[in-house]
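Model the full structure from these sequences, guided by the hints.
Chain by chain, the residues run as shown.
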Amino acid sequence: MGLQESLASDQFVVTSEIAPPKGTDVKEILAEAKRLGGRVEAINVSDSRSSIMRLGSLSVCHLLQEKGLEPIFQITCRDRNRLALQADLLSAAVLGVKNVLALTGDYASLGDHPQAKPVFDLDSVSLIRVIKKLEAGTDMVGNALSGRPKFFVGAVVNPGGNPVEAQIIKMEKKIRAGASFFQTQAIYDIGAFEKFMKRVAHFKVPVLAGIIPLKSAGMARFMNNNVAGIFIPEPLIQKMAKAEDRVKASVEIAADLIKELKGMCQGVHIMPIGWESKVPAVLDAANL
Amino acid sequence: MFLAQQKPLEEILKSLVGEKNIFILGCNRCAEASGTGGDPQVLEMRKALERAGKEITGFSIVGFLCQKTLVQSSLQGKAKEVAAASSILAMSCGVGVQTVAAVSDKITHPAGNTIYLGKICGEWNVSMRCQECGNCVLDFTGGICPLTSCPKFLLNGTCGGTTREGKCEVDPEISCGWLLIYERLKKWGQLEKLQRIFEPEDHSKMLPLQGLPLSAR
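For the record, the sequence lines run as chains E and S.
Going by our numbering, the final residue of the first sequence carries number 288, and the count climbs one at a time with no gaps.
Going by our numbering, the final residue of the second sequence carries number 217, and the count climbs one at a time with no gaps.
Everything hinted at is true.
Label-pair distances were calculated between CB atoms; the ranges are: (1) E:Asn224 x S:Leu13: 47 to 57 Å; (2) S:Glu165 x E:Lys198: 24 to 34 Å; (3) E:Lys22 x S:Ser73: 52 to 62 Å; (4) E:Gly38 x S:Pro8: 53 to 63 Å; (5) S:Ser73 x E:Arg148: 52 to 62 Å.
If you're looking for bench data, these hints aren't it; they were derived computationally from the structure.
No experiment lies behind these values; they were computed from the predicted model shown.
From the three backbone atoms N, C-alpha and C, an ideal C-beta is built for every residue, glycine too.
Listed below in C-alpha cells is the structure:
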C-alpha cells in the first residue's frame, strides 16, 4: 500500500524524514533510507533544510524510488521562481515521484548561505494551486501540457503557531487550494495538540503529528527558545536532564507521545535530524 | 516621476459592499501630480460613489497622505464627518493608505495601484513602505502591506515561523507582518478576509529600478 492508500484506510500511518548530504556521496543516506523504509510508509526528503545548501531533494527521491522506497518530495519556494518550480514538479513526475510536500521555506539568512537572494515568487498556498493546475493539464498561465503529472499533495501546519487561529485559517486555505494531507511541526504538548485537532476535525483531512526525538535537555531548551511553534514542557526537559542514558530517555519520551497521539490523529511524522538509527527503537517502544 | 493608476470603479465598489457612509481622503502631492488623488479626482470619485448609492460624509485633500501628523490633524479637523463614516477611501500611493489606516485606526480602502514612486521618499514612514507592486491588496490586509512587512513577501498568511513574542523568524527586532495584519483585521472585524487565496504577484507590473517604465516610452 502506498502513502495515499494508507491514509485513506484506518491505519495509523508513520512517515519519516532524511536530509540529503552536502555533496554527492549518497551511500550513507541511501543506507539510512533503506533501514527506515522497512518500518515507515514513506520518507520525506528535505530541500536544503534550514537553508543549508545540500544535494537536491529530487535526485534523492528518484534514488529512493529505484530502491523500492516511497519518497515525499519536499519542495520550497525559497530558491526557485514559478518557472523553475513548475519545471521541477514536471521533472518529479517524469521520475515517478508522486508525493509532494509544498512548503514556503525558511529564509536564507537562517542557513549557511545568508548572502543568497530570497525568491519566494510563490508561497505554499499558491504552490499547491499550481500543482493542481499541472495535474489538470495546464501550466499556471493556462497553456496545455503534453502529458500531465499526478501527485499526492501535502502541506504543513504548526499547531503551536502564534496565533493558532491564523494557522488554522491558512490550513483551510491550503485544503481549498488542494492539499490532501498535513504534517505538523514537532508536538510535545499533547493537551494543546488535542485542542487543535478538535478545531480541525471538520476539515476531514489526514494529519500526521510531528515527532522530533530529543537529544538532550540543551537541545530542548534551544528549541523552546529558537524554533517557532515548538513548546517542550519542563517535565520532559527534566527527564532528559536527569537521564543517565539519554537515548533511552529520548526513545521513551517519543514513544509515550506517539501512544497518546494515536487516538488523536491519523499518524506521526518522525524527524530524526541525525538520529535516523533510533527510529526503529521509537517505533518498537510505541508498538508500531 | 510618480506612476499610479486608479483601481477600476467596480473593484472599489466591491471593496465598499455593505457600507454606506464613506469619507474620502486625497493626496495633494504625488497622487495629485499623477492625476489619481488630487482635487478633480476626489470630486469625481465622490460623484461616482454617490451615483452608486453611497453617502460621502466628507472629504479632505491633505498635503502629504504619507505624513502622520498631517493626516492626523486633517482627520481631527473633520472629526464629525470621519466619525459618521464606516470607512475611509484613501486616494494615494500605498504609503498613504497605510499611514491613514495606522493613524485613523478606521477601515481604510485603497483607491489605487501604485506602480512607481519615482524614488521619492517624501515623508514616508519607513515601517510602511510601498513595494510599488501595481496591485494593491491593502484592502484585504487591514491597511498593512504584506510585501513590505513580510521578508518572504507572503500573500497568503503567516508562515510557521512567528515566534512566541510575535516576532519574525528572520529578524527578532521586527514584528511578524502577518501577525500585525491578523490583529488589525480582528480589530476591524474583517478576519474573513484572511480566507482569500491570492494569486502570485505579477512581477511584470513591477518596474525595473533603473530607467523609465516601458509603458511610458
